[in-house]
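**Q** With chain P fixed as given, assemble chain Y onto it according to the hints.
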Amino acid sequence: MKKGILLLTIFSFLFVACSDDDDNGLNPEPIQSEQVANLSAPQTGGQGTGQDIGGPFTKFDFASGEVTTSDTDWDIAFRGTTIAINGGAVTGTADEPSRNGEAGAAIATGTFASVTSAEGLTFAQDGSTAFAIPTGSDNGWYNYNFMTNIISPIPGKVLVFRTRNGNYAKVEILSYYKDQDTSQDARYYTFNYVYNPNTGETSFE
Amino acid sequence: MRKTLLINTLFFLVAAKIFSQEKFVDTTKVTEIDEVVLTATRTARQLSSLPLPVTLVSKENIIKSGTIRLDEILNEQTGIITVADESGFEGVQIQGIASDYILVLIDGVPLVGRSAGNFDISRLTVGNIKQIEVVKGPSSSLYGSEALGGVINIITEKPKTETISGSASYRIGSFTQQDINLDLKQRINNFGYGLFANRFSSEGYDLNPDVEGQTVNPFENYTFNARVYNDFSDKLSVFASGRYYNQNQDAGFTVNETSFEGDSKEEEWNAHLRFDHAFNSKLALEYEFYYTNYNATEKLVDPISDDVLSDSNFDQRLLRPEIRGTYTFENNSKLTSGFGYQYDELDRTFFDEKVDFTSQYAYIQYDVDLFEKLNIIAGARFDNHSEYSNQLSPKLAIRYKITDHIAAKASVGYGFKAPDFRQLYFDFTNSAVGYTVLGYNVAIDKLRELQDQGQILDIVVPESDLQDPLEAESSIGYNIGLTYKKKNWNSEINFFRNDFQNLIDTQIIARKTNGQNVFSYFNFDEIYTTGLEANFGYKLNNHFTINAGYQLLYAFDKTKEDQVKRGEVFARDPETNETIAVEKSEYFGLVNRSRHNANFKIFYEISAIDANINLRLIYRSKYALFDTNGNGLIDDYDTSFIDGFVTTNIAATKTLFKNFNLQIGANNLFDYTDSGVPTLPGIQLYSRLNYNF
Chain P
1 MKKGILLLTI FSFLFVACSD DDDNGLNPEP IQSEQVANLS APQTGGQGTG QDIGGPFTKF
61 DFASGEVTTS DTDWDIAFRG TTIAINGGAV TGTADEPSRN GEAGAAIATG TFASVTSAEG
121 LTFAQDGSTA FAIPTGSDNG WYNYNFMTNI ISPIPGKVLV FRTRNGNYAK VEILSYYKDQ
181 DTSQDARYYT FNYVYNPNTG ETSFE
Chain Y
1 MRKTLLINTL FFLVAAKIFS QEKFVDTTKV TEIDEVVLTA TRTARQLSSL PLPVTLVSKE
61 NIIKSGTIRL DEILNEQTGI ITVADESGFE GVQIQGIASD YILVLIDGVP LVGRSAGNFD
121 ISRLTVGNIK QIEVVKGPSS SLYGSEALGG VINIITEKPK TETISGSASY RIGSFTQQDI
181 NLDLKQRINN FGYGLFANRF SSEGYDLNPD VEGQTVNPFE NYTFNARVYN DFSDKLSVFA
241 SGRYYNQNQD AGFTVNETSF EGDSKEEEWN AHLRFDHAFN SKLALEYEFY YTNYNATEKL
301 VDPISDDVLS DSNFDQRLLR PEIRGTYTFE NNSKLTSGFG YQYDELDRTF FDEKVDFTSQ
361 YAYIQYDVDL FEKLNIIAGA RFDNHSEYSN QLSPKLAIRY KITDHIAAKA SVGYGFKAPD
421 FRQLYFDFTN SAVGYTVLGY NVAIDKLREL QDQGQILDIV VPESDLQDPL EAESSIGYNI
481 GLTYKKKNWN SEINFFRNDF QNLIDTQIIA RKTNGQNVFS YFNFDEIYTT GLEANFGYKL
541 NNHFTINAGY QLLYAFDKTK EDQVKRGEVF ARDPETNETI AVEKSEYFGL VNRSRHNANF
601 KIFYEISAID ANINLRLIYR SKYALFDTNG NGLIDDYDTS FIDGFVTTNI AATKTLFKNF
661 NLQIGANNLF DYTDSGVPTL PGIQLYSRLN YNF
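Line by line, the protein sequences give chains P and Y.
The opening position of the first sequence corresponds to residue 1 in the working numbering, with each subsequent residue numbered one higher.
The opening position of the second sequence corresponds to residue 1 in the working numbering, with each subsequent residue numbered one higher.
Chain P with its partners taken away, still in its complex shape (with noise of 0.2 Å):
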């Protein structure tokens, strides 16, 4: 049975790649699909030391690839739990990036593989109500566990960006903790993404 999914997989690969050289008779850029690990992600405050929460997020930039300390040329940012795009406008909490991109933020679910298009999502921006993937356990990509104290990405959350530039990118949250391993320090992200190069494509195949 996964055989016959596995191939079904790669036949509809194959021809959905076919089929893009045939629409568009260009070459296309191929379809970029990384890992990051051990993104630090730090934040003051928060989390039972009744402090506010604060310091400066960390950017990433898909059309890179890399971490980025640009004001303009980044696409999403970390600081603890919390995920910001660059669209919409600043939601209000401290040392928050400003916005200046188009970017949007929409939550699928599903196996990594099984989101193959953004097409047909609802993308959200940052506003000063909320973030565009929702914040608090079981509200976004992440649950904690009161038992443990562990927080774990939920599993079938597949985040899907349009980035300021108007790529997509779909990206899988492996762990929050350093080298994958929850004995060792919180709030360094290790992720999956697949990025779509072409402007405007939202193919993920």
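These aren't lab readings, by the way, just hints derived from the structure by calculation.
Nothing here was measured: the structure is a model prediction, and the numbers come from that model.
Where hints are given, some of them may not hold.
Said to hold, decoys possible - Every beta carbon over 10 Å from chain Y, so not counted as near; a handful from chain P, in silico:
| hint | residue |
| --- | --- |
| 1 | P28 |
| 2 | Q32 |
| 3 | T69 |
| 4 | D71 |
| 5 | A94 |
| 6 | A106 |
| 7 | G120 |
| 8 | D138 |
| 9 | S152 |
| 10 | E172 |
| 11 | S183 |
| 12 | P197 |
| 13 | T199 |
| 14 | E205 |
Unchecked claim - Have a look at the derived ranges for each label pair, beta carbon to beta carbon:
| hint | chain 1 | residue 1 | chain 2 | residue 2 | range |
| --- | --- | --- | --- | --- | --- |
| 15 | Y | D352 | P | S128 | 28 to 34 Å |
| 16 | P | A37 | Y | N208 | 29 to 35 Å |
| 17 | P | D181 | Y | V308 | 35 to 41 Å |
| 18 | P | S98 | Y | N208 | 45 to 51 Å |
| 19 | P | D181 | Y | D352 | 42 to 48 Å |
Cβ coordinates follow ideal geometry from the N, Cα and C atoms, glycine included.
**A** What follows is chain Y alone, placed relative to chain P:
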């Protein structure tokens, strides 16, 4: 027909030698009177004749096993498990049904005082009881709310002799566990009394030395019980009982490297008054009045700065007058009926004010032998409650005697549990994390208050969802079984299925500006527990008894099962951390449920030296404590599984100088421990000296 009449008459007299071959072989030397069960029908019924699944534990079994608290002895019975849930509080599970849905009674009246829904049965000493009766399956038709999964009834002993009889005992064991009992009973003409005192203490134990604080902190508790019996005439007698329980336990908690210290106290009062009135030879009436108060307080303070970390109290009272009667017809069928009023009140931390419930109820039950071989019990109870919709709880049970040795039984019943005070009136905000839990009845008002304070980001549930009253949780339970009794053999098999609906669970109702959630309680879960239970007893001779029991259990959430089938539930591959879909075979079921439970017991009587010895093995297969991967259910990828384990208990008793018994024993002989099983310390050795007079 005449034979039926005869048998029924003999039932009544409870002296029938005719049943001597039907001895329940759980223990040796069981007398016929020990086999009478009161809980199943509210009338005295021979255990073997009942159409319902009932477990009976005799005093003799308790004493021989060297058990001192109720949880220890019930844990050794098939299909009965004590387990701590996510809240950390321990409760009892029957047929896979959690403690929230099991009613605990003493002499037929209910005990109150639950922690996060769990009734801690280790609160109860077994030092002064005649027998423990456990009726499995829905019993709301007689007992109302909370009796979905079953009823545990502790029956105290009546004085029988004109001279003072009783016992005094002292036991000391590992962890400086000490248990002292004094039991006195006497009957003087028409008057009788029973006095009982127990002190139980332990230094506690620590299963996880890496973590600050002990697993179980030192405690000491006292139980006092005084009972008075008086026959005013052949027709009228009175029973009065007062019980007091008090426990003091050290408490400690470490937050951000500050150690808070203090203690937690528990106090319980029970007052039970009953008049038994034989109106005439057909009609027997009982007038009962019952009051109980359960009080728990805990205060934790930083000993250096005097900062108070927590200061909580819980004060519940229940008052219940009830009148019931049993009418015996010409054909010996019995009509039992009763009505009563219940007042229940709770004052506790995280409630704005003291809240109370009132309810009125009436029940009726008809118990008839239709033919010589067919016994039918049909009953129903109606509860009118101040906080939720009325409940009608019917029940039907049938027993058919196929041969002299084989009988078939089947029953179906409805059970319910009223929403509890916490689910309706809670107002709790976690100070460390910042989430809020609101009782359903106060949710709208409290939400508005939070909104006015600017703490609410958005409300995710339409307010109309919070308008209709919360429904009672309910279940329908089915039991079908066969019993076989012949000479030295005694065995039974029972299939069970319990379908629950409207289970109450928390759900997010709003998001807070601090990124956390506001929860309230809703009816949404639908679960089932199903499986089979088998018990075999074989009495080799008068000295040697073997018992074996097994329960197979499947306990699942129906909604989650459907989600898994549709491929909507995901987990993470332990190697790559990538998301994978959870297959149907990987959905493990509800927390704290083991697929297999088994026990094996040998009791051996060595008459030549006036001694007895026994060995009891208790097995439960693996189970999970909580969801660890954030998908809201237990699957094979979760990491909170406790592997299957066996506990081995042995006890040996020798009688000395006629009146003295010296017992030595070991619980958990092979020293099995797991920090995930906080209620099971390592090997516990003990010795006990008992003096009977």
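**Q** Hint by hint, which ones does the structure fall short of?
**A** 8, 9, 10
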